[in-house]
Amino acid sequence: MKSKKLSTNYLIAAAFLLGAVNAHAASPTMDKIKSTGAVTMGVRESSIPMSYTTGDSRFDGYHVEVCRMILADVKDKLGLSTLRINYQPVTSQNRVPLVQNGTVDIECGTTTNNTARAKDVGFANTLYVEEVRIAVKANSGITSIAQLAGKKVATTTGTTSVQLLRKHEKANGVNFDEVFGKDHADSFLLLESGRADAFVMDGSILAGNIANSKNPKDFKIVGEVLATEPIAIMVPKNDPEFKAAVNAAIAKIVANGNMPKLWNKWFLAPIPPKNIVVGLELSPATKNAWANLNDKPAEDYNKK
Amino acid sequence: MSLDLGVFCKNTLDGEVVDHCFSALFGLAQNSDPSYLDWLLKAWGWTLAVAALSLTIALILGAVMGTLRTLPTTSLLNRWLIRISTAWVELFRNIPILVQVFLWYHVIPSFVLPLKSLPSYWLVSIALGFFTSARIAEQVRAGIQALPSGQTAAATALGLTTLQTYRYVILPMALRIVMPPLTSESMNLIKNSSVAFAVSVPELTLFAMQAQEETSKGVEIYLAVTLLYALSAFAVNRVMTLIEKRNRIPGFIVSNDASLAH
Numbered sequence: 000m001k002s003k004k005l006s007t008n009y010l011i012a013a014a015f016l017l018g019a020v021n022a023h024a025a026s027p028t029m030d031k032i033k034s035t036g037a038v039t040m041g042v043r044e045s046s047i048p049m050s051y052t053t054g055d056s057r058f059d060g061y062h063v064e065v066c067r068m069i070l071a072d073v074k075d076k077l078g079l080s081t082l083r084i085n086y087q088p089v090t091s092q093n094r095v096p097l098v099q100n101g102t103v104d105i106e107c108g109t110t111t112n113n114t115a116r117a118k119d120v121g122f123a124n125t126l127y128v129e130e131v132r133i134a135v136k137a138n139s140g141i142t143s144i145a146q147l148a149g150k151k152v153a154t155t156t157g158t159t160s161v162q163l164l165r166k167h168e169k170a171n172g173v174n175f176d177e178v179f180g181k182d183h184a185d186s187f188l189l190l191e192s193g194r195a196d197a198f199v200m201d202g203s204i205l206a207g208n209i210a211n212s213k214n215p216k217d218f219k220i221v222g223e224v225l226a227t228e229p230i231a232i233m234v235p236k237n238d239p240e241f242k243a244a245v246n247a248a249i250a251k252i253v254a255n256g257n258m259p260k261l262w263n264k265w266f267l268a269p270i271p272p273k274n275i276v277v278g279l280e281l282s283p284a285t286k287n288a289w290a291n292l293n294d295k296p297a298e299d300y301n302k303k
Numbered sequence: 000m001s002l003d004l005g006v007f008c009k010n011t012l013d014g015e016v017v018d019h020c021f022s023a024l025f026g027l028a029q030n031s032d033p034s035y036l037d038w039l040l041k042a043w044g045w046t047l048a049v050a051a052l053s054l055t056i057a058l059i060l061g062a063v064m065g066t067l068r069t070l071p072t073t074s075l076l077n078r079w080l081i082r083i084s085t086a087w088v089e090l091f092r093n094i095p096i097l098v099q100v101f102l103w104y105h106v107i108p109s110f111v112l113p114l115k116s117l118p119s120y121w122l123v124s125i126a127l128g129f130f131t132s133a134r135i136a137e138q139v140r141a142g143i144q145a146l147p148s149g150q151t152a153a154a155t156a157l158g159l160t161t162l163q164t165y166r167y168v169i170l171p172m173a174l175r176i177v178m179p180p181l182t183s184e185s186m187n188l189i190k191n192s193s194v195a196f197a198v199s200v201p202e203l204t205l206f207a208m209q210a211q212e213e214t215s216k217g218v219e220i221y222l223a224v225t226l227l228y229a230l231s232a233f234a235v236n237r238v239m240t241l242i243e244k245r246n247r248i249p250g251f252i253v254s255n256d257a258s259l260a261h
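Here the protein sequences line up with chains Z and P, keeping their order.
FYI, numbering that gives the first Met the number 0 numbers position 137 of the first sequence as 136, with every residue one higher than the one before it.
FYI, numbering that gives the first Met the number 0 numbers position 176 of the second sequence as 175, with every residue one higher than the one before it.
Same shape as in the complex, but just chain P (with noise of 0.2 Å):
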């Protein structure tokens, strides 16, 4: 099996081969028909742009829910927030993806009218986002109760207040926890980001589907593709790992470096 990369370089009209690979995105080749190369940079482009507003949206909305799922029971308030909490987790982790956002796209915004100006992108990015802060948010309450009862014990005993315990003393902690976890999560996010295809999104999934059918060169646009999106998760996984790595404590939590070690 031989690859033909060079329908990369022909031009999406009628398929002729362009001057340069890069002709209308780079402006490389003035008034140029695109070429499959420009569209699928284009498509990786989109892909990554929705994931990192879900991303954005996940990781806030996680954070948030996860605490309040683990506030003390010793208020109506509190009370109700955890229900609140729970309400959303089981909620958007229970409906698959794809239903979710068709709910988004379809169904809500003929309910909340304000939503049908909203590009699609932005829906999409909303039901990615929620689902994936319901799963990001039960890392974090199991991060927050992994911590020993003690530290909540002294931080009162210490007079601090709910709102200072978690400021002060477990979230920083619980948060550095729950890094390995979010990581998968964040990576998982790039992945999930191609059922935005369905919603016409032009991204990486909407380009391989449209361009092996125009071109018959299944084996190199997938490969293209499968590629762009290894390298987007790899990408985020080393990100990640960094800022794990700048904000461990030493001593606190499990390290590979044995000095470390108690």
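The following block holds chain Z by itself, in its conformation from the complex (with noise of 0.2 Å):
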């Protein structure tokens, strides 16, 4: 009796001090996505063509197709036969929360990796790079930010766009005025309806929002860009295996000669469910991403 309950104690502790060794080393997604055989991918619902919904809780879009072929790669390296993928919508306000308490274990969705948040949460290499334009009503004549003096240019509230604005306003000593709308539609309503007559914020909302207007041929990007932004699928902080392992299935991708091909299915060819053409050309600075795959911060392409 005694004898074995001594045993007993000896198993807990070599079970201890496997578990700290364990600890130390091993990735806490990585066991969690193989002792549960599933995995919970962060996807936006409307941020058409990078993340969003297909209807029936389906999702789909340019980040959600990287992430599978990413967790395809994972679920071979942990050697697991079938992987399940549950889809979590996820907003502005709470991704970065839910990314780090574990609920979401990878977010595809459209985030800016920037240091702020690169202390909460890891960023995976970037495959896509924002870039901030204007829209304007293609018979307006506005070709570029300085024709904007005096004009009322439309942007949405509680996006990073508006400080933009302020700070070009500053430092060219071009005046406008700001009018807000409270979520992007709204914003692009304002263009629309002759409120404003521009909407600055970044290209792929621009280009989706006209594709899915009444008659998209009625608006059009114009002038520089503003500003460069790296969006980024974001990981778990404190997790660099996991990270790794996302990071090498990037890297394959990429060398597989995939990315234009994933470019012209979601930018240039109609998506669904509607069968709308976003149209959103390649950019020189995406295209750059992928050449020389990083995780730098949006403070590193602002510099000057």
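By construction, these hints were calculated from the structure, which means they are not laboratory data.
Backbone N, C-alpha and C fix where the C-beta goes; we use that ideal spot for every residue, glycine too.
Incorrect hints may appear among the rest.
To be verified - Partial list, derived from the structure: chain Z residues whose beta carbon lies under 10 Å from chain P:
| # | residue |
| --- | --- |
| 1 | GLN92 |
| 2 | ASN93 |
| 3 | THR156 |
| 4 | ARG165 |
| 5 | GLU177 |
| 6 | VAL178 |
| 7 | GLY193 |
| 8 | LYS302 |
Assembling the complex is the task here: the two chains are given apart, and the hints tell you how they should meet.
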């Protein structure tokens, strides 16, 4: 009786030791994926074409497809026969906390990699570089930001574009009236109804809203690039092994020459469910990100 | 959780700390960029301006519409006035306030072209004012109907016309009775004015959403904005209570003062 208890104690001690060793080296995310055979992907509901719902709780998009490729790689690495992907819709407000507390294992939406967020979460290598642009009515004759002096410029409350416009106003002495939409659809309505002469926002959002409008030909994206932001896949912080696995998968996708095909599929061809064409050409900045894979934050992009 | 209130002394362009927290608004530091504190106070000013403008609209229209609903059905004109005021109340209190704001901002100006040149804070104040006027009208009607019918009968017996009866007998009493619900309606208006952010009035809610995105200091920003909303509503409460006390007629309206009780 006594000896049996002793051996149990030994076993527990050994297990603790092993556990301590494991905790030092292993990746909590990879462990979780391996033990449950499932992974939770954070997705956006309406960030066409990066990450959006195609109805019926199904999700698709440029980043979502990349993430599925990455997870297929992770599955092989862990020697799993099947890996179930749970889709968890996230918003701008909850995406960082959900990755931090482990609800979401990999977030495949439209998150800017910046130093403030990098304190809380990790970012995979950038595959899409967002450019802040100007959308105007096609017949307005506006072709650059300098022509917006004295005009009404719409942008969306709660985005970094607002601060960007303010900085630009100060630096160049161009004064414009800012009008704020409650969300991107509202801001676009301001442009459509003539309450604003231009809408300044991320290029993909502008292209998506134009593609979705009644007459896409009435609008165009013009002018210089106002700011550049790396949009990256978000992973838990302090899990270098998982981040390395994700980055290895990304490197493989790039090396296989899949990126231009993915770009054509999501940005230049008709996409489900409504078969609209976003029509955003591949930018040199994104091309450069593929050629030189890195996880630099936005601050590094906007240094002059 | 520690609060980093230093965020209010940073400028809104690049997040650098400014020399003086009130750098731009009061001209304490010449030619310096505005700080988040400057912006916060400016946003508060917009909140108060929209609330004050809509309260003015709401009080005037609410008193008129509420009174019209209680007119005696003695003439054809009166019956039509009752119908119009009833329609007013039912229309404006049954549509959600955010929908009304969008109607006034996006839909109505495309039919009524002069409204297009009206600034958005006017449009949102009209929307808020009309919405609140419907609610105030119901309170005024309740106040008038709470009066004993003998008062109207006595006024008629004295030979007063309907207009005179309302002017000298009914309204002075009824408006005193409805002061408490009127106070809460005015306080509600301060809070409801937050919908103005939806049509790009740069008020407190818009400030909160924008500044917390720029600074990542959501707790501090929302705390400050909450305090200002609470402070504004409380100030309205104090003013209304003062008016209520000043105009009280001893013996008519239930009072806390035991010596006045019957």
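Hint check results:
About 9 Å separates the beta-carbon of GLN92(Z) from the nearest beta-carbon of chain P, less than 10 Å, and the hint is met. With its C-beta approaching chain P no nearer than about 12 Å, ASN93(Z) sits outside the 10 Å limit, and its interface hint is violated. At its closest, the beta carbon of THR156(Z) sits 5 Å from a beta carbon of chain P; the interface hint therefore holds under the 10 Å criterion. For ARG165(Z), the shortest C-beta to C-beta distance to chain P is roughly 6 Å, which falls under 10 Å, so the interface hint holds.
Because the beta carbon of GLU177(Z) sits about 8 Å from the nearest beta carbon in chain P, less than 10 Å, this interface hint is met. Hint status for VAL178(Z) relative to chain P: holds, with the closest Cβ pair at about 4 Å, below 10 Å. Because the closest C-beta pair between GLY193(Z) and chain P is about 9 Å apart, less than 10 Å, the hint holds. Nearest Cβ of chain P to the Cβ of LYS302(Z): about 13 Å, over the 10 Å cut. The hint is violated.
Violated hints, in rising order: 2, 8; the structure is consistent with all others.
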